[in-house]
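Novice: The chain contents come next:
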Amino acid sequence: MFGFWGKLLDIDLSRGVTRVVDVPEEVFKKFIGGRGLATWVLWRELGSRWELIDPLSPENLLLILTGPLTGYYPGIKIVVSGKSPQSNGVVGSTLSSELGVELKSAGYDGLILRGVSRSPVYIYVDDAGVQIRDATPLWGLGGLKLVKELNRLLYEDVRVERGLDTLPSYIYIGPAGENLVRTSVVMSKLAHAAGYGGYGAVMGSKKVKAIVAKGYGPLPKVSDESGFIKLRKEVLSELSNRMRVFRYWGTTEGLWYTGYVTSSEPVRNWTEEWHDVRTFTHEEVERRCWIRNLWSDWGCPTSCMKVSRVFDGARSYVTDGPDYEMGAYLGSNLGVFDAVSMVKLSALADELGLCGIQTGNVLGFAIELFERGYLTEADVGCDLRWGNADCIMKVLHDIAYRQGIGAVLAEGTYRAALKLGERAGTDLLKYAVQVKGVAVGAHGIRSGLDYPQKIAYAGSVQGGDHTSTAGRPLKSTESEAFAAFLDSAVICLFNTVDTKKLVDYLNVVTGWGFSEEDVYMGGARILTVQRVLLLLGGPDVFWDPREHDENPERFYEPLTSGPKKGEAPKREEVRKDLISYYEELGWDELGIPREETLSRLGIEELAREVERIKRRVTPNA
Amino acid sequence: MKIWILRDYSRCVGCRLCEIECSLRHEGLVWPAASRIRIYESVFGFPIPYTCVQCDDYPCVASCPTKALSVAESGAVLVDESSCILCGSCINACPGRIPRIVEGKRAVIICDLCGGNPVCVEACESAGFNALRLVRKPGGEVVKAYLRNPVKASEDLARKLCVF
Chain V
1 MFGFWGKLLD IDLSRGVTRV VDVPEEVFKK FIGGRGLATW VLWRELGSRW
51 ELIDPLSPEN LLLILTGPLT GYYPGIKIVV SGKSPQSNGV VGSTLSSELG
101 VELKSAGYDG LILRGVSRSP VYIYVDDAGV QIRDATPLWG LGGLKLVKEL
151 NRLLYEDVRV ERGLDTLPSY IYIGPAGENL VRTSVVMSKL AHAAGYGGYG
201 AVMGSKKVKA IVAKGYGPLP KVSDESGFIK LRKEVLSELS NRMRVFRYWG
251 TTEGLWYTGY VTSSEPVRNW TEEWHDVRTF THEEVERRCW IRNLWSDWGC
301 PTSCMKVSRV FDGARSYVTD GPDYEMGAYL GSNLGVFDAV SMVKLSALAD
351 ELGLCGIQTG NVLGFAIELF ERGYLTEADV GCDLRWGNAD CIMKVLHDIA
401 YRQGIGAVLA EGTYRAALKL GERAGTDLLK YAVQVKGVAV GAHGIRSGLD
451 YPQKIAYAGS VQGGDHTSTA GRPLKSTESE AFAAFLDSAV ICLFNTVDTK
501 KLVDYLNVVT GWGFSEEDVY MGGARILTVQ RVLLLLGGPD VFWDPREHDE
551 NPERFYEPLT SGPKKGEAPK REEVRKDLIS YYEELGWDEL GIPREETLSR
601 LGIEELAREV ERIKRRVTPN A
Chain A
1 MKIWILRDYS RCVGCRLCEI ECSLRHEGLV WPAASRIRIY ESVFGFPIPY
51 TCVQCDDYPC VASCPTKALS VAESGAVLVD ESSCILCGSC INACPGRIPR
101 IVEGKRAVII CDLCGGNPVC VEACESAGFN ALRLVRKPGG EVVKAYLRNP
151 VKASEDLARK LCVF
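Respectively, the protein sequence lines represent chains V and A.
The first sequence begins at 1 in my numbering and counts up one residue at a time.
The second sequence begins at 1 in my numbering and counts up one residue at a time.
Calculated directly from the structure, the hints in this document are not laboratory data.
No incorrect hints appear here.
A short, non-exhaustive set of chain A residues, derived as facing chain V with CB atoms under 8 Å:
{"no.": "1", "residue": "Val13"}
{"no.": "2", "residue": "Leu17"}
{"no.": "3", "residue": "Ile20"}
{"no.": "4", "residue": "Leu24"}
{"no.": "5", "residue": "Glu27"}
{"no.": "6", "residue": "Trp31"}
{"no.": "7", "residue": "Ala34"}
{"no.": "8", "residue": "Gly45"}
{"no.": "9", "residue": "Gly104"}
{"no.": "10", "residue": "Gly128"}
{"no.": "11", "residue": "Leu161"}
{"no.": "12", "residue": "Phe164"}
Each residue gets a CB set at the ideal place from its N, CA and C atoms; glycine is no exception.
Use the sequences and the hints to build the structure in full.
Specialist: As C-alpha cells, then:
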C-alpha cells in the first residue's frame with residue numbers, strides 16, 4: 001500500500017475499548033478514502049437497519065477520515081461523517097485541520113467512534129495508542145476559552161526531553177454540539193468547521209468534546225517518488241501563481257462579487273440575490289476588522305484565510321475572514337449589511353460551535369416568519385426584524401442552548417418549518433430554503449451566473465451542500481461524481497488543477513494506475529451508495545424523490561432585483577435535467593439505482609437496500 | 001560567509017511548506033516530525049517559525065561528548081550521524097531545546113542550512129510569503145533573542161492583538 005496505511009482506529013466509547021481495523025486496499029481502490037470510505041463503512045455497518053437508526057443515538061458512528069492524498073497534495077482537509085442528523089443520509093463534511101497529518105503520522109488513516117461515553121471525554125491519539133480522557137472541565141466551553149483550557153491540558157503532552165516538540169492538533173465541538181443542535185459543527189482552529197451534516201451534534205451525543213492527535217513518524221511511502229516530487233512542485237507553483245489575488249481577498253470577496261456581479265447571494269432569506277451595498281465588501285471587512293491578512297492551513301499555498309477581530313466594550317470577537325458563506329449567511333441573508341456586526345455574529349457562531357450556513361439559514365427563515373406575523377415578540381423575546389443584529393445575537397445564543405424559540409430553530413430549517421407550520425396551521429415550508437433537511441449554501445441558481453446547473457441542489461446526495469452539487473455531464477468537473485472524488489482523495493475544492501493532473505497525482509502516490517474514467521466511476525459508485533442511504537432515510541423524516549428531489553420553492557420565484565430581475569428556472573426543465581442526470585448515473589426516473597448499475601459498479605449487495613426503498617416509495621409497482 | 005534565516009512573524013501564514021520541504025530534502029519523505037524547522041501555532045492564526053539560530057558560542061557543539069557536532073562554513077551545526085550516540089547533551093545545552101531526537105532516526109536532527117541554500121526559505125519565497133529570508137548572520141548574540149519558547153510566543157503575538 002502506498003499513500004495510506006489501510007488502518008482505522010475503532011473506538012468503542014461505551015465499553016472504553018479500542019481496536020485497529022485493517023481495511024483492504026481493494027476497498028480503497030473502490031471507494032478511494034475520505035467521503036467514499038465513510039460511505040462504505042456506514043453502509044456495511046448500519047445499512048441493514050439504516051431507517052431505524054437515530055443519528056443522535058449511540059448506534060450511529062462518527063467517522064474522522066483522511067484520504068490517500070492527505071499530506072501529499074497541497075492543502076489539508078479531513079472528512080467528518082456518520083448518519084447525518086440533517087439529511088438522515090450520509091454527508092461527507094470536510095474540515096481543515098492538521099489532525100489529518102497527525103493521524104497519518106501516528107500510523108492511522110482515520111477514526112471510527114461508536115457508542116456513547118458515560119461522561120464528557122476527549123480522545124488523545126498518538127503512536128502509543130488511544131487514551132480516553134476526562135473532559136469535564138472543558139464541557140460547556142467554546143472558542144478561545146476552550147482553546148486556552150485545552151492548550152493548558154495539552155502542554156503536559158508536549159515532549160521536551162527529546163527536544164522541544166509542537167502541540168498536538170485537535171478538533172472539537174462547542175456548546176451547540178453538546179446540546180445536540182442539528183445545525184452544530186465539528187470545529188478546528190477557532191474558525192474552521194465541518195458544517196454540512198450536523199456532526200457537532202453526533203459528536204455531542206457521544207459526549208466527546210475533542211479529538212486530539214499527535215504523530216511522530218513519517219507519512220506512508222509513495223509509489224513513485226520522483227514522479228511525486230516533480231508533480232508536487234508543478235502543482236504548488238501553479239497554485240501559488242494562480243492564487244495571488246484570491247489569496248489577498250479570500251472568499252470574503254464574494255460578499256460583493258456574488259451579490260452585485262452574479263446575483264446569487266442570499267439576501268433576506270433569498271427574497272433577493274442581488275445587492276448594491278458598497279460597504280458590504282471584502283475591502284470594508286479588511287479595513288475595519290482584519291488583523292492578519294494571510295492565514296493558511298498545512299501545506300497550502302493558497303492561504304485564503306484572514307484573522308478578524310472586533311470589539312464590543314472590553315470583549316473581543318475573533319474569527320477568520322469570515323469566509324463568504326459565513327459572511328453572506330450571517331450578513332446579507334439577515335439584512336445585516338454592516339461588516340462589524342457581521343463579524344461579531346460569525347465569531348459568536350464559531351464560539352458556540354454553530355454552522356454559519358445552516359444557522360444563518362434558519363435565522364433568515366425565522367426573521368421572515370416574524371416579519372410575516374407567524375412569530376411574535378412574545379415567541380422570540382426581542383424584535384426579530386431584518387438587520388436587528390442585537391436580537392439576532394440573542395437568538396443565535398438561544399439556538400445553541402435550545403432556549404425558548406431556539407429549541408425549535410435548533411432543529412434546522414426543514415424540521416423547524418414542519419413544527420412551526422403545524423402550530424400555525426399552514427404550510428411554512430415555502431419559506432424554507434433547504435433541500436432534504438440541508439440548508440442551501442450561499443450560491444443561488446436563479447441568475448445562472450454563479451451556479452449554472454439548475455439541478456445543483458435538487459439532485460445532490462448531500463442536499464443543499466454547495467460544495468457537492470449535481471450537474472451534467474457526469475464525467476466533468478460540473479458533476480457531483482467529481483466532488484465525491486475530491487472529498488475522497490481528499491483534495492480541497494480551492495486547490496484543484498486540471499483533472500488529468502489530479503489523476504496523475506493520485507497515481508504517483510498510490511500506484512493505482514487510474515484513468516479519468518476510473519475516477520468518475522469511483523465517484524459514481526460513492527454517489528450511488530450515498531443516494532441509497534439518503535432515500536432509506538428515517539427515522540424521523542423520509543424523502544420521496546417525486547417531492548423532495550426539488551429546488552426550494554423560493555428558487556422558482558423570479559428574482560426581484562438586479563440585472564437578472566425576473567429570472568427563475570422552469571420546473572419542467574429541472575425535472576427533465578434531473579432525469580437525464582439520473583440516466584447518466586444508471587438510476588431510474590425516480591433516481592433509484594438500477595440493478596445492472598449495481599453490478600457494473602461492483603456493489604451488488606446494495607440491492608437489498610434498494611428493495612426497501614422501492615417498497616416504501618413505489619409500494620404498488 | 002555565515003548565513004542566517006530571518007523569521008518575520010507578521011508574514012508567517014502557518015502553511016508549513018517549510019516543514020514539508022525540509023523533511024523531503026533530508027528524509028525523502030513527508031515527515032513533519034523530522035523537519036529541522038517547525039511551526040508552533042498554539043493560538044490559531046499566530047504561527048511562529050522556530051529552528052536553530054546558530055548561537056555564536058555553539059553550546060550544543062561544546063556539550064557533545066563524542067564530538068559528533070561541528071560547525072560548517074555557513075555557520076550551520078552539522079551532525080556526524082555515525083558518532084552521535086543520541087545522549088541528548090546537545091538538547092540540554094541548547095537554550096531553546098532545538099535539536100531533536102526523532103523515533104526512527106539514528107542521530108539527533110539539527111538544521112544544516114542545506115549547505116547554504118535552505119529549502120525552507122526557498123519554499124516560503126516561491127509561495128510568495130517571504131516569512132523566512134536568508135540574510136548575513138547578525139553578530140553579537142542577538143540571534144539568541146529568538147529562543148523564546150515558541151509555544152508561549154504564539155500566545156504573546158495573539159495577546160498583543162487583544163485576541164488571547
